[in-house]
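When you line the sequence shown up against the working numbering, it's residues 1 to 600, in that order.
Each hint should be verified, as a subset may be incorrect.
Calculated lysine-lysine pairs in the DSBU-like style (CA-CA distance at most 30 Å, straight line) [to be verified]:
#1 K238 - K158
#2 K540 - K566
#3 K167 - K334
#4 K128 - K106
#5 K334 - K397
#6 K405 - K281
#7 K366 - K405
#8 K232 - K208
#9 K143 - K232
Hints listed in this document are in silico derivations from the structure and should not be mistaken for laboratory results. This one's a predicted model, so the numbers in the text were calculated from it and none came from an experiment.
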Amino acid sequence: MGVEGIGNNVSAYPSSKASAEGVKLETPPPPPPAPRATPPQYESGFDAAPAAGATALQPPSAPPPPPSPDPSLKDEVNARRMGAPLAKPAENRPASVDDTVKDVEKKLEQGPFTTPADAVDAMNQLKKLPPEQQSEALDKLGKKGNVSTMIDALPEAKRGELEPLMKNAKDPAIKARLWEATQTAKATDRINSEISKLGTSPADLEKKATLERTLTAEKAEIREEVQFLRAKPGGVDKASLAKMMERKDLELDIEVKHGVNLTNETGVRPGAGGTKIVWEKDELEAAERTFSQTPKAHLTQVHEYRREDVGAGGRNADHSPNNGTIRIFDNACKRGVDGQLLHQKGQAAGDIGGTRELSTPELVKKGGAQATFLEWTLQHELGHHVHDFHAPGVLDKYKEAMEVKVQSRDEALTTIGATELAKVDAEAAAASSASPPRAPTPVVVNGRGYVRDGDKVRSYAADMFPGGEPTSEYFSEHYNQAILQPESTAKEYLDVPQKAAAAARAERDALRASGASPADLAKADAKVALAEREATTWKKSYDLMRNDVFHTDTAVDAAAARLSAKGASPEQIDAFRKRCERVSTPDQVARLEAQGPLAW
Numbered sequence: 001m002g003v004e005g006i007g008n009n010v011s012a013y014p015s016s017k018a019s020a021e022g023v024k025l026e027t028p029p030p031p032p033p034a035p036r037a038t039p040p041q042y043e044s045g046f047d048a049a050p051a052a053g054a055t056a057l058q059p060p061s062a063p064p065p066p067p068s069p070d071p072s073l074k075d076e077v078n079a080r081r082m083g084a085p086l087a088k089p090a091e092n093r094p095a096s097v098d099d100t101v102k103d104v105e106k107k108l109e110q111g112p113f114t115t116p117a118d119a120v121d122a123m124n125q126l127k128k129l130p131p132e133q134q135s136e137a138l139d140k141l142g143k144k145g146n147v148s149t150m151i152d153a154l155p156e157a158k159r160g161e162l163e164p165l166m167k168n169a170k171d172p173a174i175k176a177r178l179w180e181a182t183q184t185a186k187a188t189d190r191i192n193s194e195i196s197k198l199g200t201s202p203a204d205l206e207k208k209a210t211l212e213r214t215l216t217a218e219k220a221e222i223r224e225e226v227q228f229l230r231a232k233p234g235g236v237d238k239a240s241l242a243k244m245m246e247r248k249d250l251e252l253d254i255e256v257k258h259g260v261n262l263t264n265e266t267g268v269r270p271g272a273g274g275t276k277i278v279w280e281k282d283e284l285e286a287a288e289r290t291f292s293q294t295p296k297a298h299l300t301q302v303h304e305y306r307r308e309d310v311g312a313g314g315r316n317a318d319h320s321p322n323n324g325t326i327r328i329f330d331n332a333c334k335r336g337v338d339g340q341l342l343h344q345k346g347q348a349a350g351d352i353g354g355t356r357e358l359s360t361p362e363l364v365k366k367g368g369a370q371a372t373f374l375e376w377t378l379q380h381e382l383g384h385h386v387h388d389f390h391a392p393g394v395l396d397k398y399k400e401a402m403e404v405k406v407q408s409r410d411e412a413l414t415t416i417g418a419t420e421l422a423k424v425d426a427e428a429a430a431a432s433s434a435s436p437p438r439a440p441t442p443v444v445v446n447g448r449g450y451v452r453d454g455d456k457v458r459s460y461a462a463d464m465f466p467g468g469e470p471t472s473e474y475f476s477e478h479y480n481q482a483i484l485q486p487e488s489t490a491k492e493y494l495d496v497p498q499k500a501a502a503a504a505r506a507e508r509d510a511l512r513a514s515g516a517s518p519a520d521l522a523k524a525d526a527k528v529a530l531a532e533r534e535a536t537t538w539k540k541s542y543d544l545m546r547n548d549v550f551h552t553d554t555a556v557d558a559a560a561a562r563l564s565a566k567g568a569s570p571e572q573i574d575a576f577r578k579r580c581e582r583v584s585t586p587d588q589v590a591r592l593e594a595q596g597p598l599a600w
């Protein structure tokens, strides 16, 4: 339409423009005004030129008294006589709420046929109102469904500009509708911005695919959460809306920062008034602490971290390598009577079993001195992900260090004989035919437990692991403990087994010195052999986790080189390396390096 308020009437333009456009003027332009004769110093109010006979450059001896209001004149005339500025012309005054609402309604009256241009104009008109009046206008428009009409007609690229209106809206239902549009726009902008920074390396392409999934999931979740609030009895309430907005902002921050996809099972928990299944704020904070301590490479190839309510068999969580999904169930998010997430082992906040070790002060400040049970659970599932995707063959090496072996049936027949092998076969058949099917019970022969493994036979050191076969659960538990409690890990895997072996040797030596019987000495020798095997096993597994999974040995070499270049003595470097033997990750090495030589 051209400039609003000016149609095709040429006379509305200055004469020079009309002439330039080839329009013939009926009358010539007026001559320029004559030079002013009155000196400017006499222009005050309505004062005229000096009285006749007065010298032009000489002002009056005293200024005239200010005029008094004249009741017979209009207020505007009196104001001008007394030197007050003129009121703004009506067309320059801010539009009233009612005027704005009327104009906006005209632009939106086509409903679903409203044009994007009209929706943009309507939004901009509303934004020109003072903040307190924007809410009033939105309330009036919302009663006729015009707010939704405006949002739906807006181009997606413009919906982020609704944020001022969303912040100033007071009606929860209208605020929720505006938030849905602005949050979707925010997620789109931020995630696409991260994607634009990525290159074409395999790692970048993997991260791009994850972020694309994240954006798709965010859009769906935003829509579903708003629909859930609107469907509640009584509609959207302020408290629930504010809680959701804060939570979804935090979720988006974490996703963009770490390149992860946090999702949730749709729907509500069973039962009357079932609650929505989502990542709650403190659960998101626990997840963020976990991601911040995990090597970045270990976070890739997880397609989603999905929050669900109930896992089969009361599980805390699970990891599916087939679809790259880690699921976190309610059981991993247990809460105490105070409503707070419980700490490691599901105990109250005073449980020292979850105390963080060698963590950054910032992390301790945010998450407390003790890690929550949720952090342990999520870190554990990431351990499963790591042995499946990021450390090829390391799980087999780990099990081999624990004396787990896989044999063909012919090899097993030679090792344990036909009778014992028949027992292994019978137990496998009984376990698979049970309802529901169960894991087979190991058949123990000469200190080793044997079970069927397809067409092979798997065995483990039952004398070292009387509670059952060391599985991938051992690896994953070691993984999360190495990150959260490096010093406790060193004690468990190094100190305790080595002290037990030393104690067994001392006991045997004492028996020898006392002239003990051959039978007692044989038992003592067997005890020493078992203790030394255990010490060797735990040391091997410790080194595998530290160096093959985290590559901490490489990090120590690099740190030692930097310290040496800064002037650290050989003795200080040796002390540093000795201290680093008791930490498991490069981040922990970096914190020791930052402490300086005096701390070693």
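Hints versus structure:
1. K238 - K158: Since the Cα atoms of K238 and K158 sit roughly 26 Å apart, the hinted pair holds (cutoff 30 Å).
2. K540 - K566: Given pair K540, K566 is violated - Cα atoms ~33 Å apart, limit 30 Å.
3. K167 - K334: 34 Å, violated
4. K128 - K106: This hinted pair holds, its Cα atoms lying about 17 Å apart.
5. K334 - K397: 35 Å, violated
6. K405 - K281: Not OK: K405 and K281 at ~45 Å, beyond 30 Å, violated.
7. K366 - K405: At roughly 44 Å apart (the allowed maximum being 30 Å), K405 and K366 break the hint.
8. K232 - K208: 36 Å, violated
9. K143 - K232: 19 Å, holds
The structure fails hints 2, 3, 5, 6, 7, 8 (numbered hints given earlier, in ascending order).
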